[in-house]
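Go ahead and model the full structure; you've got the sequences and the hints to work with.
So the sequences go chain by chain: A and B. Mapping of the first sequence onto my numbering: residues 33 to 504, in sequence order. Mapping of the second sequence onto my numbering: residues 12 to 504, in sequence order.
Since the hints were made in silico from the structure, they are not lab data. Just so you know, even glycine gets a beta-carbon here, dropped at the ideal spot from N, CA and C. It is possible that part of the hints are untrue.
If the Cβ cut is set under 7 Å, some of the chain B residues that face chain A in the computed set are [to be verified]:
1. 82
2. 83
3. 150
4. 153
5. 157
6. 164
7. 172
8. 183
9. 184
10. 187
11. 194
12. 479
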Amino acid sequence: MENLNLILPEIFISLSIMFLLILGVFKNNSSKITFNLSLFAILITTIITINETFSVTRETLFNESVVIDSMSSLMKIITLIGGFLVLVISSTYLKTFKIYNIEYPILILSSILGMMVMISSNDLIVFYMGLELQSLALYVLATYNRDQLKSSEAGLKYFVLSALSSGLLLYGCSLVYGFSGSTNFDIISNQLNSEEYFLTFGIVFILVGLAFKISAVPFHMWAPDVYEGSPTTVTLFFTILPKIAALTVFIRFLYVPFLNLIDQWQMIIVFLSIASMVFGAVAAIGQTNIKRLIAYSSIGHVGYTLAGLATASNDGIQSSIIYISIYVVMNLALFSCLLMLRRKDQYYEDIDDLSGLSKNHPLLSLSLLLILFSLAGIPPLAGFFAKFYIFKAVLEQSMYFLAIVGLLSTVVAAFYYLRIIKIMYFDKEKDKYDTDHSLWLKLSLTVSTILILLYFIFPSQLIEVVSRINII
Amino acid sequence: MNFPILSSLILLPTIGALFLFFTKNKEGNNLTAKYVALFTTVVNFLISIYLWISFDQSTSSFQFIEERIWIEGLINYKVGVDGISILFIILTTFITPLCIISVNNSVKNRLRDFLIAILIMESFMIGVFCALDLLVFYLFFEAGLIPMFLIIGIWGGARRVYSAFKFFLYTLLGSVLMLVAIISIYWITGTTDVVQLYEIGIDVKYQNLLWLAFFSSFAVKTPMWPVHTWLPDAHVEAPTAGSVLLAAILLKMAGYGFIRFSLGLFPIASEVFTPLIYTLSVIAIIFTSLIALMQEDMKKLIAYSSVAHMGFVTLGIFTLQQQGIEGSIIQMISHGLVSAALFLTVGVVYDRMHSRLISTYGGLVSVIPKYSILFMLFALASLGLPGTSGFIGEFLILMGAFKDNFLVAVIASIGVILGAAYMLWLYKRVVFGKLINEDLKKMLDLNRSEYFILSCLAVPILFFGFYPDPLINTIEVSVTDLINMHNTNMASK
Numbered sequence: 033m034e035n036l037n038l039i040l041p042e043i044f045i046s047l048s049i050m051f052l053l054i055l056g057v058f059k060n061n062s063s064k065i066t067f068n069l070s071l072f073a074i075l076i077t078t079i080i081t082i083n084e085t086f087s088v089t090r091e092t093l094f095n096e097s098v099v100i101d102s103m104s105s106l107m108k109i110i111t112l113i114g115g116f117l118v119l120v121i122s123s124t125y126l127k128t129f130k131i132y133n134i135e136y137p138i139l140i141l142s143s144i145l146g147m148m149v150m151i152s153s154n155d156l157i158v159f160y161m162g163l164e165l166q167s168l169a170l171y172v173l174a175t176y177n178r179d180q181l182k183s184s185e186a187g188l189k190y191f192v193l194s195a196l197s198s199g200l201l202l203y204g205c206s207l208v209y210g211f212s213g214s215t216n217f218d219i220i221s222n223q224l225n226s227e228e229y230f231l232t233f234g235i236v237f238i239l240v241g242l243a244f245k246i247s248a249v250p251f252h253m254w255a256p257d258v259y260e261g262s263p264t265t266v267t268l269f270f271t272i273l274p275k276i277a278a279l280t281v282f283i284r285f286l287y288v289p290f291l292n293l294i295d296q297w298q299m300i301i302v303f304l305s306i307a308s309m310v311f312g313a314v315a316a317i318g319q320t321n322i323k324r325l326i327a328y329s330s331i332g333h334v335g336y337t338l339a340g341l342a343t344a345s346n347d348g349i350q351s352s353i354i355y356i357s358i359y360v361v362m363n364l365a366l367f368s369c370l371l372m373l374r375r376k377d378q379y380y381e382d383i384d385d386l387s388g389l390s391k392n393h394p395l396l397s398l399s400l401l402l403i404l405f406s407l408a409g410i411p412p413l414a415g416f417f418a419k420f421y422i423f424k425a426v427l428e429q430s431m432y433f434l435a436i437v438g439l440l441s442t443v444v445a446a447f448y449y450l451r452i453i454k455i456m457y458f459d460k461e462k463d464k465y466d467t468d469h470s471l472w473l474k475l476s477l478t479v480s481t482i483l484i485l486l487y488f489i490f491p492s493q494l495i496e497v498v499s500r501i502n503i504i
Numbered sequence: 012m013n014f015p016i017l018s019s020l021i022l023l024p025t026i027g028a029l030f031l032f033f034t035k036n037k038e039g040n041n042l043t044a045k046y047v048a049l050f051t052t053v054v055n056f057l058i059s060i061y062l063w064i065s066f067d068q069s070t071s072s073f074q075f076i077e078e079r080i081w082i083e084g085l086i087n088y089k090v091g092v093d094g095i096s097i098l099f100i101i102l103t104t105f106i107t108p109l110c111i112i113s114v115n116n117s118v119k120n121r122l123r124d125f126l127i128a129i130l131i132m133e134s135f136m137i138g139v140f141c142a143l144d145l146l147v148f149y150l151f152f153e154a155g156l157i158p159m160f161l162i163i164g165i166w167g168g169a170r171r172v173y174s175a176f177k178f179f180l181y182t183l184l185g186s187v188l189m190l191v192a193i194i195s196i197y198w199i200t201g202t203t204d205v206v207q208l209y210e211i212g213i214d215v216k217y218q219n220l221l222w223l224a225f226f227s228s229f230a231v232k233t234p235m236w237p238v239h240t241w242l243p244d245a246h247v248e249a250p251t252a253g254s255v256l257l258a259a260i261l262l263k264m265a266g267y268g269f270i271r272f273s274l275g276l277f278p279i280a281s282e283v284f285t286p287l288i289y290t291l292s293v294i295a296i297i298f299t300s301l302i303a304l305m306q307e308d309m310k311k312l313i314a315y316s317s318v319a320h321m322g323f324v325t326l327g328i329f330t331l332q333q334q335g336i337e338g339s340i341i342q343m344i345s346h347g348l349v350s351a352a353l354f355l356t357v358g359v360v361y362d363r364m365h366s367r368l369i370s371t372y373g374g375l376v377s378v379i380p381k382y383s384i385l386f387m388l389f390a391l392a393s394l395g396l397p398g399t400s401g402f403i404g405e406f407l408i409l410m411g412a413f414k415d416n417f418l419v420a421v422i423a424s425i426g427v428i429l430g431a432a433y434m435l436w437l438y439k440r441v442v443f444g445k446l447i448n449e450d451l452k453k454m455l456d457l458n459r460s461e462y463f464i465l466s467c468l469a470v471p472i473l474f475f476g477f478y479p480d481p482l483i484n485t486i487e488v489s490v491t492d493l494i495n496m497h498n499t500n501m502a503s504k
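What follows is the structure in C-alpha cells.
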C-alpha cells in the first residue's frame, strides 16, 4: 500500500477545489466566502507541507512516478506562500474591475495544484499532466478581465504559443521515451547514453518547451504582451509561480534523466542564460509600461537563474533556488507597490505615473526605491546576495565568460531601474494616489520590503534550508 | 571581547539616520533634524579620536579586530584598522559634521532626507576603510552608490539627472569586474580574509588578471584619466555638501583600495603594471591641469584639480617607495581637507550670488576680506605651498618618484607648476581685479557657521603643514611593513 500521507497536500487541495466549485454553484453571491475558504485551504496545505518536510528525506510513490524530497517540499512551500499572498492582495483590484467572482480563487487553486504535481513529478507523464493543469488554469486567468480587449488578446496569445510549446515538449518526451523505453526519470537516467543523435533532438525539444514556460530568450515573445494585457494580480501570479514550478522541473530534467548527457545540454543552457540576461537588460530600457518592463526584467532574472543551472553542480542548483526565492519576494513587493497606484477606482501602470511619487508618498517610494535597487543587485540588499550566490557558483566552475557577461548586463539593467527611481525622486509630482489600501496589501509590502532590506543580517538561514537539497 | 569600537563607528550614523527617519518631517529649516545629525556625527568624531589615541603606533598588525561569522564558511564580518586606514576613518568622521553644518543654505527642500542620506553615506564610508574581508569591503564600497546617487540626483543642479546616472553607471561598471575577481580569489585561495590573504599570497599566474579587475574598479573611482569624466559632472551638479563628501572621502576609497588590495594582494602584478599607472597618472596630472586652466566654472576647475591631485596619489603609491606611499597617504588626507575647503568656499559665494562662473566675480577682496584670506590659504594649500599639508604630500611623492623613475618625476613636477598656475589664476580672477559686477557689493562676509567650518579646515591644513609628525608616525610602521612584504614577495618570485 502506498503511503498516501505523502501526497496529502495535493489530495487536500483537490478536494478543496471540488468543494469550492460545488459551493460556488449552489450558493449565490459566494465570492467572498470562496475567497476566504481558498485562502484557508492554501494555509492548511502549507502547514501540511511544512510538517512533511521534517519527516521526509526522499520518498517515491506510485511506481516511482512521484517524488517527495527536500527540493519538492521547499518549492511547494514557496509556491503555496506565493499563491496565498497573490490571492490575498487581489481582492481590491478585482472588486474595482467588477470581476470579484468565484472562478478566480478556484482557478488559482487548480493552477497551484498543477504546479505541485509538476514539482513532485518523477515521470514524463505525471510531469505533463501537472504542466497542462497549471497552463489551462493560466490561460483562463490571463483572459480573466474579459471585457477588456487587451486581456482577451493576452489570453489568446498565451494559449496559442503555449500550446505550441507543449506540442514541442510532448514530441521531445516521446523521443526520449523512444530511446530509453521508459517514462520514469530514474530509469531514463540509467538507459540513456550520448551515442544517439536523435536523443539530442529529444532533449532540445524538451528544453525549448521548458524555456518557453519560464520565458527565456529566444522563447520569450509571449511574455511582454501577456504580462501587459492580463489583470495586474494575474501578472503577479505569472511572474512568480509558474517560474518556480518550471525551474524545479528544469532542475529535475537536467540533473536526473539527462545528467549523463551534460555535454549535450550545458551549452544550450549557457546560451539561454546569456541571451536572457543581455536581452532582458537591453530591451527593458525603452519600455514605458511598468508591467511590460517587469516582463523584460523577469526575462533577465530568469537568465541569472539559468546561469546557476548551467554550472552542473549542487552549488549552482542551490544558488538558483536561492535566487528564485529572493526573486519571488522582490516581485511580491514590486507588485504590491504597483497595486497601490490607484486613484478613484482607476489603476495606473505607466512609468510616468510614478513621477514625483516621493513627494506625496514618501514611504511608498522609499520601499519602491529599495526594491528597485535590490532588483538591480546593489548591496547590501537581498538582490545582491541572490546574484552573488549565482556568480559564486558560476565562477567555481571557471565559467568566466558567463559571469562577466552576466555582471555587465546587471550594469545595463541598473540603467532602467535607475530611470524609474529618477522619475520617482527627481521629477515633478502629480496628483496624490488613494491611500486606503487593504491591510493585507500594506502588510505584504512592508514585510517583503523589510525582508529585502534586512536580508543581509541573517543570510545564513536561507542557505541552511537550501543546502539540504542535493540532487546530484 | 572588548568593546566593538569599529562596529559602533559604523553603526552610529545609521542609528542616527533611523532616528531621523522616525521623527516627523517638517518642511523648511528643520533645526531639530540638523541637531540630531550633528550630534551623531560629532559623537562619532570623538569616538574616532579616541580610537586614534588608543591606537598602538609601534606595530603594523591590525588592531581593534572584530570578527563574526556572517555566512557560514563564506563571509566573515571582519573589521580592523592599521596605520593606513585609521587616518581615513578620522578624515571621514571629521568632514561629515562639517558637511552637516554647511547645509544651511544650499539645501532648500527635504532637509531631513538629505541628512539621512549623508549619515548613511558616512556609515558606508567608515565601513569601507575598516573592512578586512574583501566581500565586506565590496559591500560597503558598492552600497555607497545608493545615497550618493540620491544626493546628486535630488539636490543637485540643473543637469543633475545626467550626472547622477553617469556617476552610478560608471562606478558600477568598474566594480562588477572587481566582484568577479573577489569571487575568483575565494575559489583560488579559499578565503576572502585580507589578513590571511596577506600571509598566503596569491599565485603569480592569476595576479595580473585579478589586478586588472581591481584596477578597473579603483581607476573609475579614483578617478584616473581617461575614465575621470564622471567626476566633473557629478561635482558640478552635486550640492555643496555632496561635493565635499565626494571629493574629500569618496575619492579616497580608491586610493586606499590601491594601497590595501592592489599592492598588498598582488605585489608582482603591481610591479608589472607600474608603467601603466605611471603613464595614466602623468597624463592625468598634465592633461587635467591644462583642462582646469580653461574652466569657466569654479566647481569644475576644482573638480579637474582633484583629478590631477589624485594623479599624484596614484603615482606615489606605485613608486613602491616608502616616501612615495607615505606621501600618497598624506596627499590624500590633505586633499580631503583642501578640496573640502575649496568646495565650501565656492559654496559660500554660490549661496549669495547663485553663480559658479568665474566671470561673475572679481574684486571680492574689497567686499569680503575675511573670505578672501581663507580662500587664499586654501588655494595655496592646494598648489602645495610649503607650510601647508599639500606640500608635505607632493614633496614626498616626488621624492619617491625621483628614486624610482627620473623622467616621470620631472614631468610630474611640471604638473606642480601647472597646479600653481590654475589655482592662482582662479584666485586672481575671483578675488582680485576690478569690482565690475555691481551686485557683488551687497555681498556679506562669512557668517558665524561658515567661518567656523572654514577655520576648522584651515587649522589642520596649517598644523600638519608645519608638523606632519602625527600623521607620519601613525602610518610609518604600516607602510614600512607593506614595503617589506612587497620586497620579500618580489625576492621570492
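So, residue 83 of chain B near chain A? Judge it on the closest CB pair being under 7 Å. Nearest chain A Cβ about 5 Å off; hint holds.
Measuring from the C-beta of residue 157 of chain B to each C-beta in chain A, is the shortest one below 7 Å? Nearest chain A Cβ about 6 Å off; hint holds.
Under 7 Å, Cβ to Cβ, is where residue 150 of chain B needs to be relative to chain A, so tell me if that hint holds or is violated. At 4 Å from the nearest chain A Cβ, residue 150 of chain B passes the 7 Å test, so the hint holds.
Agreement of hint residue 187 of chain B with chain A interface, Cβ distance less than 7 Å: At 4 Å from the nearest chain A Cβ, residue 187 of chain B passes the 7 Å test, so the hint holds.
At a threshold of 7 Å, is the proposed contact between residue 183 of chain B and chain A supported by beta-carbon distances? The hint holds - residue 183 of chain B has a Cβ within 7 Å of chain A, the shortest such distance being about 5 Å.
Is the interface hint satisfied for residue 153 of chain B? The criterion is a beta-carbon contact with chain A at less than 7 Å. With a closest approach of 5 Å, the residue 153 of chain B hint holds.
Hint status (Cβ of residue 82 of chain B to nearest Cβ of chain A, threshold 7 Å): Holds. Min distance 5 Å.
Does the closest beta carbon of chain A sit nearer than 7 Å to the beta carbon of residue 184 of chain B? Holds: closest Cβ of chain A sits about 5 Å from residue 184 of chain B, inside 7 Å.
Report holds or violated for the interface hint on residue 479 of chain B, using the least CB-CB distance to chain A and a cut-off of 7 Å. This interface hint is violated because 36 Å lies over the 7 Å limit.
Minimum Cβ distance from residue 194 of chain B to chain A below 7 Å? holds, 5 Å
Are residue 164 of chain B and chain A close enough, Cβ to Cβ, to be under 7 Å, as the hint says? holds, 5 Å
Is the interface hint for residue 172 of chain B satisfied, with its Cβ closer than 7 Å to some Cβ of chain A? holds, 6 Å
The structure shown violates just one earlier hint, number 12.
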